[in-house]
Amino acid sequence: MTWAMTELIEQRQTPLTADDAQHYRRDGSWSGRTLRSLLTDAAQRHPERPAIVGHVTGGVRRSMTYREMDASASSAADSLASIGVAPGDAVALMLPNWVEYPVLMFACHELRAVYVGIPVSYGAMQVLPILRRSKAKVVVIPRGWRSSDHLSLIRSLRAELPHLETVIVVDDSDDGLGDELFWSALDGAPAHGVGPADPGEICYLGFTSGTTGEPKGAMHTHETLLHSIERLTSHIGADTFGDHMVQLVASPVGHHTGYVWCTLFTVFLAGTGVQVDRWEPQWGADLIRAEGITTFFGAPTFLQDMMRTDLTSKAGNPLRCIVIAGSSVPRNLPQRAAEALGAYVAPAWGMTECSITIACTPSEPDDILQTDGSVFAGSAARVVDAEDGDVATGAVGELLVKGPSLFLGYYERPDATAASFTADGWFRTGDTAVLDERGWVSLRGRSKDIVIRGGENIPVTDVETLLFDHPAILNVAIVGTPDERLGERACAVVVFHDGQADDLAGLSRYLLDRGLSKHYLPERLIVQESLPMTQSGKIQKFRLRELIAAGEI
Numbered sequence: 012m013t014w015a016m017t018e019l020i021e022q023r024q025t026p027l028t029a030d031d032a033q034h035y036r037r038d039g040s041w042s043g044r045t046l047r048s049l050l051t052d053a054a055q056r057h058p059e060r061p062a063i064v065g066h067v068t069g070g071v072r073r074s075m076t077y078r079e080m081d082a083s084a085s086s087a088a089d090s091l092a093s094i095g096v097a098p099g100d101a102v103a104l105m106l107p108n109w110v111e112y113p114v115l116m117f118a119c120h121e122l123r124a125v126y127v128g129i130p131v132s133y134g135a136m137q138v139l140p141i142l143r144r145s146k147a148k149v150v151v152i153p154r155g156w157r158s159s160d161h162l163s164l165i166r167s168l169r170a171e172l173p174h175l176e177t178v179i180v181v182d183d184s185d186d187g188l189g190d191e192l193f194w195s196a197l198d199g200a201p202a203h204g205v206g207p208a209d210p211g212e213i214c215y216l217g218f219t220s221g222t223t224g225e226p227k228g229a230m231h232t233h234e235t236l237l238h239s240i241e242r243l244t245s246h247i248g249a250d251t252f253g254d255h256m257v258q259l260v261a262s263p264v265g266h267h268t269g270y271v272w273c274t275l276f277t278v279f280l281a282g283t284g285v286q287v288d289r290w291e292p293q294w295g296a297d298l299i300r301a302e303g304i305t306t307f308f309g310a311p312t313f314l315q316d317m318m319r320t321d322l323t324s325k326a327g328n329p330l331r332c333i334v335i336a337g338s339s340v341p342r343n344l345p346q347r348a349a350e351a352l353g354a355y356v357a358p359a360w361g362m363t364e365c366s367i368t369i370a371c372t373p374s375e376p377d378d379i380l381q382t383d384g385s386v387f388a389g390s391a392a393r394v395v396d397a398e399d400g401d402v403a404t405g406a407v408g409e410l411l412v413k414g415p416s417l418f419l420g421y422y423e424r425p426d427a428t429a430a431s432f433t434a435d436g437w438f439r440t441g442d443t444a445v446l447d448e449r450g451w452v453s454l455r456g457r458s459k460d461i462v463i464r465g466g467e468n469i470p471v472t473d474v475e476t477l478l479f480d481h482p483a484i485l486n487v488a489i490v491g492t493p494d495e496r497l498g499e500r501a502c503a504v505v506v507f508h509d510g511q512a513d514d515l516a517g518l519s520r521y522l523l524d525r526g527l528s529k530h531y532l533p534e535r536l537i538v539q540e541s542l543p544m545t546q547s548g549k550i551q552k553f554r555l556r557e558l559i560a561a562g563e564i
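First residue of the sequence shown? That's 12 in the numbering used here, and the numbers climb one at a time after it.
Quick caveat, the hints were computed from the structure, so don't treat them as lab data.
Backbone N, C-alpha and C define an ideal beta-carbon position, used for all residues, glycine too.
There are no misleading hints in this set.
Simulated crosslink set (SDA-like; lysine to any residue; CA at most 25 Å straight-line):
| id | residue 1 | residue 2 |
| --- | --- | --- |
| 1 | Lys325 | Arg342 |
| 2 | Lys146 | Asp160 |
| 3 | Lys529 | Pro140 |
| 4 | Lys146 | Gly99 |
| 5 | Lys146 | Ser85 |
| 6 | Lys146 | Asp426 |
| 7 | Lys552 | His508 |
| 8 | Lys146 | Arg169 |
| 9 | Lys325 | Gly303 |
| 10 | Lys146 | Phe193 |
| 11 | Lys552 | Ala512 |
| 12 | Lys552 | Leu515 |
| 13 | Lys529 | Ser167 |
| 14 | Lys146 | Ala208 |
| 15 | Lys146 | Asp209 |
| 16 | Lys529 | Arg289 |
| 17 | Lys552 | Thr476 |
Derived CB-CB ranges, DEER-like:
| id | residue 1 | residue 2 | range |
| --- | --- | --- | --- |
| 18 | Gly69 | Asp160 | 14 to 20 Å |
| 19 | Asp160 | His34 | 48 to 54 Å |
| 20 | Pro376 | Gly204 | 53 to 59 Å |
| 21 | Lys325 | Leu515 | 37 to 43 Å |
| 22 | Leu515 | Ala249 | 43 to 49 Å |
| 23 | Arg289 | Arg455 | 31 to 37 Å |
| 24 | Leu515 | Ala430 | 31 to 37 Å |
| 25 | Asp378 | Asp250 | 21 to 27 Å |
| 26 | His34 | Asp396 | 24 to 30 Å |
| 27 | Thr68 | Leu536 | 30 to 36 Å |
| 28 | Ser167 | Leu515 | 24 to 30 Å |
Given these sequences and hints, build the entire structure.
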C-alpha cells in the first residue's frame, strides 16, 4: 500500500478527494510544513532554550536544549538508517515519558519512516495486533519499566511478527541481549542521505480500538496533524500559553495526546516539555512550581488530581492554561478549576482520527465553559439522526466532523474506513452531541461501545472475549459506570454457569494471565442471573447502565 496522499486519492483508498486537498492548500489550511521542520525551526530560533526536561522514577533529572535535540534527532536518524530503516518503513516506539522519545520520534520523521506509537503500559494482547497490523520493521522499547518486562514481552511475540526485523533497547544494562540491539551500540553511523519529506505523505499511524476492539491505524500526514496544532493555537490564543510555554508532559507519549499535544505542540511553540514517567499529584504540583510549568494537556483526571494538592493556594503557581480532553468533562469542573488554580481551563474534544477539532476559547463568553467549545476555523461539525439528516438545533444526535485535520482512513482497513464515513466525506465520530444556536458543541455520550477511564479507551470487546472463555462464565457485558475522578470505570456484569462462581480478584488474575493490560481490568463485578436482551439476542448495555445508575443491580 502506498503512503503518498496523491496515490491514495487516485486509488480511492481514502475519503479525501483531490478537490478537498486542493482547497485545503489554496486556503492555507495545509501550510506545506513537515513535522521535522518544527524542531529545526525551534533550534534555529532558540538554540539554548531547554526543549525537554525529563524527571524519571528515582529522582533523576535529564535535560536537552533545542540545539542538542535537533542534533540528536539527526544522529538517531542516521542510526536507524544504518540498520535498514528506509522511507515508508514503520517504526514503533513503546517508551515511557523519557527524553529518548522525542529524539527518536523526530528521527522517524526525518527518515520519512512511518511512526507508530504504543503506550508503554500495554500488554501482549494490545501490542501484538498493533505491531502485526502496522508491519513494524523496528520496535524500540525499555528493557523494563515499573513491574513490566518489555524485553520478555517482545520476545514472546516475535514468532508471530514476520515483518519485525530489529528490537532496540534504549536502556543499557550489564545483562547481554540476544539478537536485540542496545541503542548506544548504534552511535556513530554515517549520514543517512534521505531527502526532505513530502508534507502530504503518511507519517503516522495512530492506533485506536474504537467499538470493536480491533486495532485500526488512523493514517495521518504531516499536514493533517499540523493543521490541528496551528488551529488550536489561534483558537485559544498563543498569548494564553505565554511567551515561553512550559508544559507538563504527564500523558503517555505512546498515546495520541502525548505525541501531538504534549510533544509536537510544545515544539511548535518552541516551548519546554517537562516529562514525568509516573503520575503522583503532589509530586506533579511540586514540579509545576519548581519548573515554572504554565500548561498541561490531559484528561479531566489530571485536573481533578491537581485540585486536591496545595496548588490551589495559588502561591507560586505559574499555571496559565490547561486543556482538558480525552473523556467526559464534568460541566462544573472548568470554572471551579479556573478559580482554584488561577488558570484558563479549556474543555476540548478530539479523537485520534481528527486530533482536537473543538475547544473552548477565552474570546467567547464564559458560559462556553459549560460546553465542549466551538469548532476550529476551517473545520465543520454536524449533528445528525439515524438517517444522516441534520437534527434540530439543541437536539441530540451523532456528531459528524469534516476538515483539514481529518485522517485519510484506516491503514489496510477499507471496510472500517467505509463504515466510518458518509458518502460525502463526513467522519462518523460515534459520539452523541448537541449543537446550539451559537455553534457550541456539547458532548452527551457515545454510541461507540467503549469505556473511557481517565482518558484511556478500554477495548471492551477484547475484555469480554477473554471473559467469555472463562470456564465459569455463561454471559458477560462490560459497561462504563460514572466516576467523578476518572470519568468512567469498567464494570463487569456477569452471569455464571449454575453452581460456579468467581470473584473480582480471581477474574483479574485470569485476565492478566492472558496478557490483558492491568489498566483494562474491570474494577467492579456485578453478578446477575440474566442480562437484558433485545429480541435479536443483543445485550442491552444501555439498560444495564440505567439499572446500575438507579441502584437496582
